[in-house]
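With the hints as extra help, turn the sequences into a complete structure.
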Amino acid sequence: MIKEEGIVSLFRLSIKEIHNRLIRKELSVRDLVDESFNRIGAVDSQVKAFLTLNEEQARTAAGQLDEQLDSGVRERGLLFGLPVGIKDNIVTEDLVTTCASKFLSNYRPIYNASVVQKLKQAQTVTIGKLNMDEFAMGGSNENSAFYPTRNPWNTEHVPGGSSGGSAVAVAAEEVYFALGSDTGGSIRQPAAYCGVVGLKPTYGLISRFGLVAFASSLDQIGPITKNVEDSAYLLQAIAGHDSLDSTSANVEIPDYIGALTGDVKGLRIAVPKEYIGEGVAPGVRDKVLAALRVFEQMGAVWEEVSLPHTEYAVAAYYILASSEASSNLARYDGVRYGVRAKNANDLADVYYKSRSEGFGTEVKRRIMLGTYALSSGYYDAYYLKAQKVRTLIKQDFDEVFEKFDVIIGPTVPTPAFRIGEQVDDPLTMYLNDILTIPVSLAGVPAISVPCGLADGLPVGLQIIGKSFDESIVLRAAHAFEQQTEHHKLRPRL
Amino acid sequence: MSISVNDVEHVAKLARLELSEPEKRQFTEQLNKILNFMEKLNELDTDNVKPTSHVLQLSDVMREDEVRPSWPIDKVMRNAPDEEDGQFRVPAILD
Chain H
1 MIKEEGIVSL
11 FRLSIKEIHN
21 RLIRKELSVR
31 DLVDESFNRI
41 GAVDSQVKAF
51 LTLNEEQART
61 AAGQLDEQLD
71 SGVRERGLLF
81 GLPVGIKDNI
91 VTEDLVTTCA
101 SKFLSNYRPI
111 YNASVVQKLK
121 QAQTVTIGKL
131 NMDEFAMGGS
141 NENSAFYPTR
151 NPWNTEHVPG
161 GSSGGSAVAV
171 AAEEVYFALG
181 SDTGGSIRQP
191 AAYCGVVGLK
201 PTYGLISRFG
211 LVAFASSLDQ
221 IGPITKNVED
231 SAYLLQAIAG
241 HDSLDSTSAN
251 VEIPDYIGAL
261 TGDVKGLRIA
271 VPKEYIGEGV
281 APGVRDKVLA
291 ALRVFEQMGA
301 VWEEVSLPHT
311 EYAVAAYYIL
321 ASSEASSNLA
331 RYDGVRYGVR
341 AKNANDLADV
351 YYKSRSEGFG
361 TEVKRRIMLG
371 TYALSSGYYD
381 AYYLKAQKVR
391 TLIKQDFDEV
401 FEKFDVIIGP
411 TVPTPAFRIG
421 EQVDDPLTMY
431 LNDILTIPVS
441 LAGVPAISVP
451 CGLADGLPVG
461 LQIIGKSFDE
471 SIVLRAAHAF
481 EQQTEHHKLR
491 PRL
Chain G
1 MSISVNDVEH
11 VAKLARLELS
21 EPEKRQFTEQ
31 LNKILNFMEK
41 LNELDTDNVK
51 PTSHVLQLSD
61 VMREDEVRPS
71 WPIDKVMRNA
81 PDEEDGQFRV
91 PAILD
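Top line first, the protein sequences correspond to chains H and G. Take 1 as the starting number for the first sequence in this note's numbering and just add one per residue. Take 1 as the starting number for the second sequence in this note's numbering and just add one per residue.
The set of hints was computed from the structure by calculation and includes no laboratory data. Take these hints with a grain of salt, some might be off.
Below, computed lysine-lysine pairings styled on DSSO-like, alpha-carbon distance capped at 27 Å [to be verified]:
#, chain 1, residue 1, chain 2, residue 2
1, G, K40, H, K394
2, H, K353, G, K24
3, G, K50, H, K388
4, G, K75, H, K102
5, H, K342, G, K13
6, G, K75, H, K342
7, G, K40, H, K273
8, G, K50, H, K394
9, H, K120, G, K75
10, H, K120, H, K25
11, H, K342, G, K24
This structure is a prediction, so every number in the text was calculated from the model and none was measured.
Shown next as structure tokens:
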């Protein structure tokens, strides 16, 4: 165990170290679960990462796993016994899943999402559900209907969104790792703001069955971890085809752990000039350029390129995502599940009142935007146009990947902003996602890894790869980590 | 292109949202600003560009049409705000 400032954190250990200690019975699953709840008790009032704790079930599960170890069975997967947190838009059987919305404040799913089922098979322990922007709509976690989550590096700042709770729970060492979801950057952006590792896999690599739908052609579940190796372990456990999700890709899953060779000699890196130009804070640009020098020292080569349609990505994204959201959120009618408004006179009144009382402002704004974009007479001007621009953005990436292995740039143009600073200006808030959104529109994988601090707040390095080439993204990210100490920095709480 | 409070009221009706007067004013202002930003897309000539509705090259995903067990009614109804005899209860639709 590593002791720092009086806090003993088992979660500084690697997966292999924890695993070996469990197998040798130097550590029990109960110890790990106690560690998680003790830490939550000590720091969560400051950061508010959790919406729901699963304490009773987690302790019961820990006891059962310890009994399995006591029974003498030694063959255990590497994730065995590890405490995990789940973003609250991923459904968990019998455990409240609110999507940080009043609408679902009492919703207890009757089944597990496929990813949750896979984690259960890997014998992890679910510690609780993590705060987020309502229905995953937002980039700051201020849109939670319950309370904002705070950045553990400076609690006056946002943790990013929408998987802010997931990034904070890992950064604050409340859980070993967490699941988030990324539609336009919702894993990578909070990972960057909180100094942890966030991976958005290729669209279709991980089943979306049981992920509450926001924008179905963009949504992806992915791991948020404290280092790249953990990310590879988690991805290995949750990737793969699922017949319950018709958009799930039927591809062979490579050995992600084996891809972590530490060798990037000859790696061809493209650096888009649009990603390090105007609008990128000098402190962020400096850290990214320093990271590129690390890659150079390791024998990689980099060259400046152009992704010319980057400036159109945010407009295209918000039309497409909002349109899909307006359609997906039509299911919240107050009839089958969720909260129903009281004092409704007729069925139409049930719909109007339930939706108006149940949804927060950002969700309503996006439903309005999407409904407008899809309404008669505007479909071609907005939705179809945005789909065509999406093609151009995808072609930009295809062309660069003909000559390069990865694309590298910042994850977010600036470090985390102050709580409340952008809340009344949705357009400015949307523009924070300018470097993550193009990747989402193209459907390719990208990881955010810590690459230093600017103004005392973490900066994220984004490494982007070809579709289904998570191996090279993880390899590059891991090699960078091996040469630096940024991922070992932890906030003082 | 700019939208009026009347447009916002119409869209809210389509989306089954009841907006307060301050919300209508706020959304009119904000949506105008956002839609004005969206106009940027018109700088691009996309006449000969095919739309991407989906990044994966998926054709129709089919499975065998076979009878399989469904969830038990009591489980399905567990989250219903109002139910009676295994059915969702709503206010009268007809007088």
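Pairwise hint evaluation, K273/H against K40/G, where the allowed Cα distance is 27 Å at most: Measuring from Cα to Cα gives roughly 20 Å; hence the hint holds.
Distance restraint between K120/H and K75/G, which requires alpha-carbon spacing of 27 Å or less: 21 Å, holds
Given hint K25/H paired with K120/H - CA-CA distance at most 27 Å: 22 Å, holds
Given pair status - K388/H, K50/G, alpha carbons within 27 Å: Given pair K50/G, K388/H holds - Cα atoms ~6 Å apart, limit 27 Å.
Satisfaction of hint between K394/H and K40/G, Cα-Cα up to 27 Å: 18 Å, holds
Satisfaction of hint between K342/H and K75/G, Cα-Cα up to 27 Å: Since the Cα atoms of K75/G and K342/H sit roughly 24 Å apart, the hinted pair holds (cutoff 27 Å).
Satisfaction of hint between K13/G and K342/H, Cα-Cα up to 27 Å: Answer holds: K342/H to K13/G is near 20 Å, not above 27 Å.
Agreement of K75/G and K102/H with the hint, judged by alpha carbon distance not exceeding 27 Å: 22 Å, holds
Pairwise hint evaluation, K24/G against K342/H, where the allowed Cα distance is 27 Å at most: Holds. K342/H to K24/G sits at ~23 Å (cutoff 27 Å).
Hint consistency between K50/G and K394/H [alpha-carbon to alpha-carbon, up to 27 Å]: Judged against 27 Å, a Cα distance of about 12 Å means the pair holds.
Holds or violated: K353/H to K24/G, with C-alpha atoms at most 27 Å apart: Within the cut-off at roughly 16 Å; holds.
When held up to the earlier numbered hints, the structure conflicts with none and fits them all.
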